[in-house]
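The task is to assemble the complex, starting from two chains supplied on their own in separate frames and drawing on the hints.
Below are the chains, spelled out letter by letter.
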Amino acid sequence: MGGNNRKYSCPDVGGHFGEFGGRYVSETLMPALIELQRAYREASEDKTFYEEIEYYLKQYVGRPTPLYFARAMTESLGGAKIYLKREDLAHTGAHKINNTISQAILCERMGKDRIIAETGAGQHGVATATVAALMNKECVIYMGEEDTKRQELNVFRMKLLGAEVRPVVSGTKTLKDAMNEAMRDWITNVRNTFYIIGSVAGPHPYPMMVRDFQSVIGHEAMEQILAVEGKLPDTLVACVGGGSNAMGLFFPFIEESEVRKIGVEAAGHGLESDLHSATITAGSVGVLHGSKTYLLQDENGQVKGAHSVAAGLDYPGVGPEHSYFQDTEKVEYVSVTDKEAISAFSFLSEVEGIIPALETSHAIAHVRKIAPSMSPEQTIVICLSGRGDKDIHTASSFM
Amino acid sequence: MGRIKEKFRELQEKNKAALICYITAGDPDIEFTEQIINCMEASGVDMVEIGIPFSDPMADGPVIQAASERALKNSTSVSDVLSLVSRIRSSSDIPVILFGYYNPFFSYGTERFAHDAREAGADGVLVVDLPPEEAGELGVHIEREGLDRIFLLAPTSTEERIEMVLENASGFIYMVSVTGVTGARPDMNYDLEDLVGRIKSRSDVPVGIGFGVSSARQATAIASFSDAVIVGSALIRIIEDGGTQRQEVLENISSFTKEISAACLR
Ligand SMILES: Cc1ncc(COP(=O)(O)O)c(C=O)c1O
Chain A
1 MGGNNRKYSC PDVGGHFGEF GGRYVSETLM PALIELQRAY REASEDKTFY
51 EEIEYYLKQY VGRPTPLYFA RAMTESLGGA KIYLKREDLA HTGAHKINNT
101 ISQAILCERM GKDRIIAETG AGQHGVATAT VAALMNKECV IYMGEEDTKR
151 QELNVFRMKL LGAEVRPVVS GTKTLKDAMN EAMRDWITNV RNTFYIIGSV
201 AGPHPYPMMV RDFQSVIGHE AMEQILAVEG KLPDTLVACV GGGSNAMGLF
251 FPFIEESEVR KIGVEAAGHG LESDLHSATI TAGSVGVLHG SKTYLLQDEN
301 GQVKGAHSVA AGLDYPGVGP EHSYFQDTEK VEYVSVTDKE AISAFSFLSE
351 VEGIIPALET SHAIAHVRKI APSMSPEQTI VICLSGRGDK DIHTASSFM
Chain Z
1001 MGRIKEKFRE LQEKNKAALI CYITAGDPDI EFTEQIINCM EASGVDMVEI
1051 GIPFSDPMAD GPVIQAASER ALKNSTSVSD VLSLVSRIRS SSDIPVILFG
1101 YYNPFFSYGT ERFAHDAREA GADGVLVVDL PPEEAGELGV HIEREGLDRI
1151 FLLAPTSTEE RIEMVLENAS GFIYMVSVTG VTGARPDMNY DLEDLVGRIK
1201 SRSDVPVGIG FGVSSARQAT AIASFSDAVI VGSALIRIIE DGGTQRQEVL
1251 ENISSFTKEI SAACLR
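Line order of the protein sequences matches chains A and Z.
The letter at position 308 of the first sequence is residue 308 when you use the working numbering, and the numbering goes up by one with no holes.
Throughout, the working numbering is defined as the position within the second sequence, counted from one, plus 1000.
Chain Z on its own, in the form it takes in the complex (with noise of 0.2 Å):
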């Protein structure tokens, strides 16, 4: 079994949403992404996504935007990321999800990508542009190596979309919580509740909800009927407003993370 799958059945005898946090790999670098990645998981997060920088972040708000811009002064590339889940995974088993636009693997090449990720100890990949209309090319390659392939499903998906969605998906399913780029928000939308009864009435795919999620409060809301809950642009603004006091960016980190963790205890 995978360890995304492992994570979820465990939480589920615990009784409690994953929670998943999103950072940007190299943002300022690359050797700070890892020691946030490691103060996270000490800190109750229970898997990571690691996002590999872009120039063009279409679908990023101005929080993931910058953390893309500060992160590609110092060229963090595909093989920087791939050398960061090596270290990661020589002392821990937290699952790492792999997230990004799709130019840059496509750039390094899908099939060698699915091969040196799985190599490196990655368990899931969600590529922000490729719908399943375009998975395809390199889907083929992150399913002979045994990753998942984790896809996006909107508030504005149909019907049609979200079969499509399921017959592709393994891992979880990711639903951006909004119609709107990434970006912590005061208020969601909680009719989530009922997109998130009809794609579980489908599937026993875990749902993840994201996009937004920057409190407590709304942590609980979302754990109430959700699988996991998926923080980004939060810790990215902790990041961001520590700026070199590295110390107060971790020890903040930790009590935020601690914080969201145990909020989405059911």
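So here's chain A without its partners, still in its complex pose (with noise of 0.2 Å):
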């Protein structure tokens, strides 16, 4: 498998790379994610799509969002050049925006006009409700109770939009929940709904497509890095939740097998405790939300609670084709603990004035390992998520 030469061409016309991805879903939703499917594709074919996207990516998110140099950091790890990809820049604060921007424009084409979406942090709510509010569409977010106790303020940023932000009070009460919840609007609400998901995650054609909307994050960075440094970066990293960021930022390297891809995940308590969000490092294969995956399963094929301080990584899931790197060795996948994370929260604050958040605290406290031990002629590029004024509340209370 992974035959250098060969061009990487996944997923198939079933949504399949290799053996994970696809479409387990009820057959109600069948034809809606195949009438979703064949939009994509004519939208694909049709240079006004794209052209229209540019043009908000541009416009009212900001893009291009700096590849910034950390100096700062650099210097006080002590060895590889850091670079941050500033995805904490783009309007609404985190990468989630370059994805719903696109999936709404997505929606008006198919003349859908209501908006679903779950949220697990709150950022891809918040990036629904605001292009919800943009294209003025009905809006409804799925989210864990759970959840909207530890992100309160992205609960009054959704309302604030005009969306309804609707508690979930089954099961774990977070953010897998929240989709099981979406899951079941959009099984009700089929004719007239678009559902928004908000990773690389779900049946096919969502992680191609949630793909393809992020990977501007990695078109832009390896433009920004050739400039500056004449080369392609040694290394990639980025936390990895659902994966959308990671994917965005990786998957236009994917066929550049010299530059290492490290996706973080959340190691919560540690591995060996039982509360962590480890997917791919500590989970087995799986079918869950419409994809077979890496997934927190137990013996009987029941799917574990996850846990991480940073609500957006706290699924037992993974996008599919992140299980796919990881068996073809395309990506290296590792863990930080919370504890980890919430230094690397201060650690960044501090040297840079850049308040990250917990998710992408992760990817921070990677490089903090790894960085020391290469030498400055070396790169890495983080991919910066997202800002941390969200968790304020949250790290305030590990202090």
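It is possible that part of the hints are untrue.
[As the list claims (entries may be wrong)] Going by beta-carbon spacing under 7 Å, a handful of chain A positions derived as facing chain Z:
no.: 1; residue: Glu27
no.: 2; residue: Thr28
no.: 3; residue: Ile187
no.: 4; residue: Thr188
no.: 5; residue: Leu271
no.: 6; residue: Leu275
no.: 7; residue: Asn300
[Claimed, not checked] Pairs of lysine-lysine residues, derived as BS3-like cross-links and limited to a Cα-Cα distance of at most 30 Å, are as follows:
no.: 8; chain 1: A; residue 1: Lys149; chain 2: A; residue 2: Lys173
no.: 9; chain 1: A; residue 1: Lys173; chain 2: A; residue 2: Lys159
no.: 10; chain 1: Z; residue 1: Lys1258; chain 2: A; residue 2: Lys149
no.: 11; chain 1: A; residue 1: Lys173; chain 2: Z; residue 2: Lys1005
no.: 12; chain 1: A; residue 1: Lys339; chain 2: A; residue 2: Lys173
no.: 13; chain 1: A; residue 1: Lys369; chain 2: A; residue 2: Lys231
no.: 14; chain 1: A; residue 1: Lys369; chain 2: A; residue 2: Lys330
no.: 15; chain 1: Z; residue 1: Lys1258; chain 2: Z; residue 2: Lys1005
no.: 16; chain 1: Z; residue 1: Lys1258; chain 2: A; residue 2: Lys304
If you are wondering where the hints come from, they were derived from the structure by calculation, not from laboratory data.
Nothing here was measured: the structure is a model prediction, and the numbers come from that model.
All C-beta atoms, glycine included, are put in the ideal place defined by N, C-alpha and C.
Right under this line is the structure:
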């Protein structure tokens, strides 16, 4: 597998990445997925679709985001040169809007007047509520009750943007249950509703579509690093919840096997504790939310609750293409604990004056481990997926 | 001939639509599930669908979600459900359909599951989140063991999809009455008659209708143009409402299923 000269061409027409991915959904949704797939294919062949996306990414989201040379962080760690791809500077403060704006434009083309989404940290919910306001669509956001408490500020932002936030009280009351509830809404209102999934997860075509929409991160980063360094980076690092910011950064480099790619999962209280979200590093293959992928599950195939201090990583599944990258060794997956992430949160705030999201702090924490042993000629690009204002409350309770 | 096919033939002679009842195994425990099934059979239920609980029942409404949560409190597993089927089969010929979400089956092992399900005496398998596109890896084993592969069709299904499902299905087609999750509903969509007609013009596999059936009036309407009436949430609600009063639950289930069964006579 993964022959070096063969061009990467996943997924297949059914949305499979090797054994992963697919469309494991109830029959009620199949016609909707097929309709979406067709609409996306048609849009992809239409120049004006991309022109419209480009217009909004530039004028509304504020792209391209800077690739910032983190001099102080580099000096402090004393090894590889570190660059931060500043997705925190995108409108609404995270990478999520790259995807939501693009899906909303597709929604408009499909003539649907209602948008729904699931959210964990609330960043995807905010990014969805934002584009729904922009495009004048009715908007309902499902959020685990647990998360509505941890992320109060984002709940308020969504409401201010005109969305209805529905707290989800079933199951573990976090992101996975919010996604179940959003799927149930979609099954019920499939004729007029567009479901904006927030990561490279869910049934085909979502993993492929969200990957394509987030790839703007990696395309820009490649151009930017070539402009300043004259060569490709040595290492790319990003946190992995569902995996969209990591996919966005890695995918444009996927044929560049000499560029090391590291996805950082949440080890929570530690991998041996059972309180973690390290799906790839500690999970096994199963089927959840419409795709086959690595999962946290028990011996009877029941999905386990995940844990992370970062609500956006608190998910027991992962995008199926990441599972494929793991098995084909295109990307390495590692994990860092809540404690290490919190420490990295303070570190970046102090040395660079940039408060990262707790999700992003996982990527920072891993770079603190690997940068010192690399040489100053080498470069690392971190996807700074979001800003940490939303996390001040959570973080302060640890300090 | 399989038990499901045999049953439909027998009922056709009586001019009755089949009454198929769904309950979640292990809600609130597996012994009671067995008692309920025995009680239902004695009250005119023609086939049973035994639900294997799952942590993330994406296509179910609040009633069946809660049943799954109760069943998972005592860790009801695929193995537990297969033992239950063996016990039922030791004294009854009622057709048994295993119903669930894919992950517990996948985790048990698809080949092993198909083998053990046949061995236990199950007759058909319906996996909610396995549309024909993904059904192959379990389906080959189910077919090899001679069990029926039951598929869903929905009001949103296109001609193309009806065709694809019919190519793969046996036993019966489970026609979902609404675009929505499971749960009892006072009103149902009677345009279904047209959809059922379109299915029946292409195939002689029986068509059953479920999702939302909760009254004799609905059952009579459905029985007039389809082969089976499928009831789930309305029964689970009786179990839920009865709580620890088990005798009362059995009595209520008995009178409810008798009434629906009578309504299935054409
Ligand atoms: C800032 C930020 N980074 C990362 C994530 C994790 O998602 P993904 O792995 O899809 O990028 C989230 C999710 O809410 C987020 O808000």
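Verification of the hints:
Hint on Glu27/A holds. Least Cβ distance to chain Z is approximately 4 Å, under the 7 Å limit. Taking 7 Å as the C-beta cut-off, the interface hint given for Thr28/A holds, the closest approach to chain Z being about 4 Å. Look at Ile187/A: its Cβ gets to within about 6 Å of chain Z, closer than 7 Å, so that hint holds up. For Thr188/A, the suggested interface contact is upheld, since its CB lies about 4 Å from the closest CB of chain Z, less than 7 Å.
For Leu271/A, the shortest C-beta to C-beta distance to chain Z is roughly 21 Å, which exceeds 7 Å, and the interface hint is violated. Against a cut-off of 7 Å between C-beta atoms, the interface hint on Leu275/A is violated, since the closest Cβ of chain Z lies about 17 Å away. With a cut of 7 Å, the hint placing Asn300/A at the interface with chain Z holds, because the nearest CB-to-CB distance is about 4 Å. For the given pair, Lys149/A sits about 11 Å from Lys173/A by alpha-carbon distance, which is consistent with the 30 Å threshold.
For the hint linking Lys173/A to Lys159/A, the alpha-carbon distance of about 20 Å falls within 30 Å, and the restraint holds. Between the alpha carbons of Lys1258/Z and Lys149/A the distance comes to roughly 48 Å, so the proposed pair goes past 30 Å and is violated. For the proposed pair Lys173/A and Lys1005/Z, the alpha carbon gap of about 43 Å is over 30 Å, so the pair is violated. For the hint linking Lys339/A to Lys173/A, the alpha-carbon distance of about 23 Å falls within 30 Å, and the restraint holds.
At roughly 23 Å between alpha-carbon atoms, Lys369/A and Lys231/A fall within 30 Å of each other, so this suggested pair holds. Of the pairs offered as hints, the one joining Lys369/A and Lys330/A holds, with about 21 Å between alpha carbons and a cut-off of 30 Å not exceeded. For the given pair, Lys1258/Z sits about 22 Å from Lys1005/Z by alpha-carbon distance, which is consistent with the 30 Å threshold. Distance check on the hinted pair: Lys1258/Z and Lys304/A sit about 40 Å apart at the alpha-carbon level, beyond 30 Å; violated.
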